[in-house]
Amino acid sequence: MTDTMTTFDLGPQARIIARLAEGVRDEQLADGTPCPDYAVRNLVGHLTGLAVAFRDAARKDLGPTTATPPGTATPDIGPDWREALPKALDELADAWRDPAAWTGMTRAGGVDLPGAVAGSVAADELVIHGWDLARATGQEYAPDPAALRASHTFLRAAADEGDDGGGIFGPVVPVPEAAPLLDRTVGLSGRDPGWTP
Numbered sequence: 004m005t006d007t008m009t010t011f012d013l014g015p016q017a018r019i020i021a022r023l024a025e026g027v028r029d030e031q032l033a034d035g036t037p038c039p040d041y042a043v044r045n046l047v048g049h050l051t052g053l054a055v056a057f058r059d060a061a062r063k064d065l066g067p068t069t070a071t072p073p074g075t076a077t078p079d080i081g082p083d084w085r086e087a088l089p090k091a092l093d094e095l096a097d098a099w100r101d102p103a104a105w106t107g108m109t110r111a112g113g114v115d116l117p118g119a120v121a122g123s124v125a126a127d128e129l130v131i132h133g134w135d136l137a138r139a140t141g142q143e144y145a146p147d148p149a150a151l152r153a154s155h156t157f158l159r160a161a162a163d164e165g166d167d168g169g170g171i172f173g174p175v176v177p178v179p180e181a182a183p184l185l186d187r188t189v190g191l192s193g194r195d196p197g198w199t200p
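My numbering numbers the first residue of the sequence shown as 4 and each following residue consecutively.
If you're looking for bench data, these hints aren't it; they were derived computationally from the structure.
Honestly, I wouldn't trust all of these hints.
Claimed, not checked - Using 25 angstroms as the maximum straight-line C-alpha spacing, the simulated DMTMM-like pairs for lysine to aspartate or glutamate come out as follows:
(1) 63 with 115
(2) 90 with 79
(3) 90 with 64
(4) 90 with 29
(5) 63 with 97
Take these sequences, add in the hints, and give me the full structure.
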């Protein structure tokens, strides 16, 4: 993966995630998601945590939020999750609007990486987990086109660079090249675009 200085606004995708979260009913919090180890509540907790971590990565505010590898603990929601997630998403988007976020090195998930790559990873996390949340809760989903392109480019490069042709989040699920870009991106993330609860 290369440090390509392609920048874009994460705000539209962050707002899409916030709208999806608004549509989550309390009785859905224990439901399964395309992430095998996560119920909806864990997925929302993960989205909140990653929004904070990538906000701090953009600001180059390296510390506990950027040093913790994913999967260290199963994330969960607090009682204020309906306010905490949109706030964290707004702060994430605002932090990535600073051109300095896209330059130099930063850290996320305990990994040091170029700022431009971190921005693409943030977009990927929002696009893929937005799909996860929409599928798990029966909501319509159309990601922001710029974030979707960044996610696809990131996941395609990761799959192409892998020794076994697999993706970084699991084996690539084959999807026809004629399929919509979202389906192809979801397949690159190791998910079946046809997943249903």
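Going through the hints against the structure:
1. 63 with 115: Holds: residue 63 and residue 115 sit about 11 angstroms apart, inside 25 angstroms.
2. 90 with 79: 17 angstroms, holds
3. 90 with 64: 18 angstroms, holds
4. 90 with 29: Roughly 19 angstroms between the alpha carbons, so the hint for residue 90 and residue 29 holds.
5. 63 with 97: 14 angstroms, holds
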